[in-house]
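Engineer: Sequence:
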Amino acid sequence: MATKLKDTGTLTIKKLHTLIGAEISGVDLRREPDAETMAAIEQAWADHGMLVFRDQDISGDDQLRFAGHFGPIATRVTPPPGTKAPPGPKWTNLMLVTDRKDEKGEALGALGHGDMWFHSDKCYRPRPHRFSFLFGIEIPTEGGHTKFSSLYAAYDDMSDEMKARLDDAFVMQGYDYGNTRRVDPNVDLEDILHQRQPMVVTNPSSGRKALYIARLNTMWIEGMDRDESEAVLGPLFDLTERDSNYYEHIWRKGDFVMWDNLACLHARTDWPQEQTRQLRRCTVEGDRLWSE
Numbered sequence: 133m134a135t136k137l138k139d140t141g142t143l144t145i146k147k148l149h150t151l152i153g154a155e156i157s158g159v160d161l162r163r164e165p166d167a168e169t170m171a172a173i174e175q176a177w178a179d180h181g182m183l184v185f186r187d188q189d190i191s192g193d194d195q196l197r198f199a200g201h202f203g204p205i206a207t208r209v210t211p212p213p214g215t216k217a218p219p220g221p222k223w224t225n226l227m228l229v230t231d232r233k234d235e236k237g238e239a240l241g242a243l244g245h246g247d248m249w250f251h252s253d254k255c256y257r258p259r260p261h262r263f264s265f266l267f268g269i270e271i272p273t274e275g276g277h278t279k280f281s282s283l284y285a286a287y288d289d290m291s292d293e294m295k296a297r298l299d300d301a302f303v304m305q306g307y308d309y310g311n312t313r314r315v316d317p318n319v320d321l322e323d324i325l326h327q328r329q330p331m332v333v334t335n336p337s338s339g340r341k342a343l344y345i346a347r348l349n350t351m352w353i354e355g356m357d358r359d360e361s362e363a364v365l366g367p368l369f370d371l372t373e374r375d376s377n378y379y380e381h382i383w384r385k386g387d388f389v390m391w392d393n394l395a396c397l398h399a400r401t402d403w404p405q406e407q408t409r410q411l412r413r414c415t416v417e418g419d420r421l422w423s424e
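Heads up: the sequence shown is residues 133 to 424, going by this note's numbering.
Since the hints were made in silico from the structure, they are not lab data. Treat the hints with care, since some could be wrong.
Claimed, not checked - Here are the simulated distance ranges between beta carbons:
hint: 1; residue 1: 404; residue 2: 297; range: 42 to 50 angstroms
hint: 2; residue 1: 166; residue 2: 313; range: 26 to 34 angstroms
hint: 3; residue 1: 232; residue 2: 200; range: 20 to 28 angstroms
Unchecked claim - When the alpha-carbon atoms are kept at most 27 angstroms apart in a straight line, the in silico BS3-like pairs for lysine-lysine are as follows:
hint: 4; residue 1: 385; residue 2: 147
hint: 5; residue 1: 295; residue 2: 146
hint: 6; residue 1: 279; residue 2: 233
hint: 7; residue 1: 279; residue 2: 385
hint: 8; residue 1: 385; residue 2: 146
hint: 9; residue 1: 146; residue 2: 279
hint: 10; residue 1: 295; residue 2: 279
hint: 11; residue 1: 146; residue 2: 341
hint: 12; residue 1: 295; residue 2: 236
hint: 13; residue 1: 233; residue 2: 385
Heads up, the beta-carbon is just placed ideally off N, CA and C, and yes, glycines get one too.
Generate coordinates for the entire structure from the input sequences, incorporating the hints supplied.
Structural biologist: Put into structure tokens, the structure is as follows:
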């Protein structure tokens, strides 16, 4: 689909998957987009949940400026011990996602090597991060892909009985920096980041309902004993991760990818240990998902 724009030529929107994702071409993100271009991008994002812009050459400042159109940039929290934040005050709210190390063997960024299960950014905080933006700087020749799974499709695929049962349910979301797999439901909550969140959310951009759970972070369903909760969550995790529900993005240098954490989950595949992967990330703050 091609959308004609008055000042910027032709903005083209190409679907990447039947359920999620679109590629946008005809936009140079180094330039400040006009109102018409931004409106087209915002509508495409609401329609597709995740967008890809290929062949970009943007600085960290460019990335922050563009992301800032969608809300307040999230402030980075102190990195876990053993990691080192990128230098310079202009990088305060940017994070390198990389396995690179300096001459002393210390990490130059965070979330270094290996695969990562499906998750939603900062779902374990009172105000989960709504939007995420990732720019490809150095890409391995194989692996290191990012999968994006539609939470709309997961909700739509639930039975009517299950929807009625869970539409108003709450879950505990958590994150343990020392664990790359699912948070142990029996862990002491004082030892991890955690937050009570609704199990089903309505995305304010699209008006669609989304199943707001993820295998990495969702610990239990409130009001159920652990066995019952696990019995319900297991098939729902499988639903969010079924092959037909996700698009797998194969990165190229210069890719700029943005996604809505209330529309999709994301996961990462592994890549050869001898190869380097370096991406640059920023996020936008979201609103509280429920009122106490």
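Engineer: For each hint, tell me whether it holds in the structure or not.
Structural biologist: We went through each hint and held it up to the structure:
For the pair residue 404 and residue 297, the beta carbons lie near 44 angstroms from each other, so the given range of 42 to 50 angstroms is met. Range check, residue 166 to residue 313: Cβ separation about 45 angstroms, and the 26 to 34 angstroms hint is violated. Separated by about 27 angstroms at the C-beta atoms, residue 232 and residue 200 satisfy the suggested range of 20 to 28 angstroms. As the CA atoms of residue 385 and residue 147 are separated by approximately 20 angstroms, the hinted pair is consistent with the 27 angstroms bound.
Pair hint residue 295 plus residue 146 does not hold up; C-alpha atoms about 32 angstroms apart against a cutoff of 27 angstroms. The hinted pair formed by residue 279 and residue 233 meets the criterion: a straight-line CA distance of about 25 angstroms does not exceed 27 angstroms. Distance restraint check for residue 279 and residue 385: the Cα-Cα separation of roughly 17 angstroms lies within the 27 angstroms cut-off, and the hinted pair is therefore satisfied. For the hint linking residue 385 to residue 146, the alpha-carbon distance of about 19 angstroms falls within 27 angstroms, and the restraint holds.
Pair hint residue 146 plus residue 279 holds up; C-alpha atoms about 18 angstroms apart against a cutoff of 27 angstroms. Distance hint between residue 295 and residue 279 is fulfilled; the C-alpha atoms sit about 25 angstroms from each other, no more than 27 angstroms. For the hint linking residue 146 to residue 341, the alpha-carbon distance of about 24 angstroms falls within 27 angstroms, and the restraint holds. The hinted pair formed by residue 295 and residue 236 fails the criterion: a straight-line CA distance of about 53 angstroms is larger than 27 angstroms.
Using a Cα cut-off of 27 angstroms, the hinted pair residue 233 and residue 385 holds, with the two alpha carbons roughly 20 angstroms apart.
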